[in-house]
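Residue numbers (this note's numbering), protein chains in the order written: chain H, 1 to 115; chain Z, 1 to 114.
A few of these clues could be false.
As the list claims (entries may be wrong) - Cut-off 20 Å, straight-line C-alpha distance, at most; resulting in silico cross-link-like pairs (DMTMM-like, lysine to aspartate or glutamate):
id, chain 1, residue 1, chain 2, residue 2
1, H, Lys102, Z, Glu95
2, H, Lys102, Z, Asp54
3, H, Lys102, Z, Asp101
4, Z, Lys57, H, Glu3
Hints were generated in silico from the structure; no laboratory data involved. Predicted model only: the values in this text are computed from it and were never measured.
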Amino acid sequence: KQEVTQIPAALSVPEGENLVLNCSFTDSAIYNLQWFRQDPGKGLTSLLLIQSSQREQTSGRLNASLDKSSGRSTLYIAASQPGDSATYLCAVRYAGGTSYGKLTFGQGTILTVHP
Amino acid sequence: DGGITQSPKYLFRKEGQNVTLSCEQNLNHDAMYWYRQDPGQGLRLIYYSQIVNDFQKGDIAEGYSVSREKKESFPLTVTSAQKNPTAFYLCASSEGGVYTDTQYFGPGTRLTVL
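Extracted from the complex, chain Z is given alone in its bound form (with noise of 0.2 Å):
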């Protein structure tokens, strides 16, 4: 089945550590992104990458970091920096190189800081 996968599915994370989070796609697609969604709000791009070794910040970056050496992987870490990291990450696709397409998106990661 072609698609976006996810993991973990749930998350813990204790103050001061760097946790990472898995985003595959076997889509073919080019653009990946990530955003973060908070109760009763609509969701807030953090990164996004158009490119194998190429990526760009969103709104929210800081206390983030990604990578994307692989057309089909997009790791979020999100470090120590990220001073209220609880809430839903979401990671998406697109067929990439024109602002006309359709973003797939995956199941999602609950992350929570204990």
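Bound conformation, chain H alone (with noise of 0.2 Å):
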């Protein structure tokens, strides 16, 4: 079964500390890998979409890492803020098998950052 999990599922840290995040997939063929943010009773957002071709993006403080075959993602926040507490979600694009072009969501790492 193509699977996606996360963890821990959930992390408090103070106020500037560098964190990873870690994800883990089944089946290394996968098109994509995609992080996301979802604040409390709200929609995800978007923040990292790695194709399977990369090794790793970045954007801001948020670097995203990705080894498919080991079947491993890692999401690293540097000098981490309050703003940031969210829970943050992994998902992956699986090339084959019964998930085939569906988003395949991990259950999430509930980041608490604390002043």
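Relying on the hints, combine the two individually framed chains into one complex.
Here you go:
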């Protein structure tokens, strides 16, 4: 079964700390992987999209990496701020199998950055 | 402003009722999607449409129906056959046609069964 898993489920850090969120997927045949942010009771905001041919993408303080061979992606947040507090979701678009062409989501990591 | 709108923000349904959730986009995107989100879980795909007048079932389509009569609109009906409809519903769109594009999401509708 094609799945996406995010660890940890929740993370609490002090302001200013650098942090890493992890995402693992079960099949290396993917089109792309996308990281989203979700604030409580709101929709999802796309942060970064990494195509299968890419190794990483950067946007401001965010850096996402992709290692297809190991089935892993990481989202690195530099110099965290209280405004970064949200749920971060990883989603994979598999290139084959029963999930072909569709986004498969992880359960998310709830991030709290305290002052 | 370009974007995706969903209405209503909150919706309450009595047992046995059908309700329709609205999703409109002005991004000129070909593809549109409906997802369901339950507490502590990731999103699950209900239905998707890659072009007007065409749509496909996702992973949890039972008890739901959709239509795609216009490019900008993709309403979702939650029927009485859906036994556990209380959830947060999210609509999304993408340029479509290729499997490399970014999905953009609306603000969501929270449905509660009374």
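Handout entry: Distance restraint between lysine 102 (chain H) and glutamate 95 (chain Z), which requires alpha-carbon spacing of 20 Å or less
Key = Within the cut-off at roughly 14 Å; holds.
Practice task
Assess, step by step, whether the Cα of lysine 57 (chain Z) is no farther than 20 Å from the Cα of glutamate 3 (chain H), and give holds or violated.
Solution key: holds (19 Å)
Problem - Proposed proximity, aspartate 54 (chain Z) with lysine 102 (chain H) (alpha carbon, max 20 Å) - result: Status holds; Cα separation ~16 Å.
Handout entry: Given pair status - aspartate 101 (chain Z), lysine 102 (chain H), alpha carbons within 20 Å
Key = holds (11 Å)
Hint compliance for this structure: no hint is broken.
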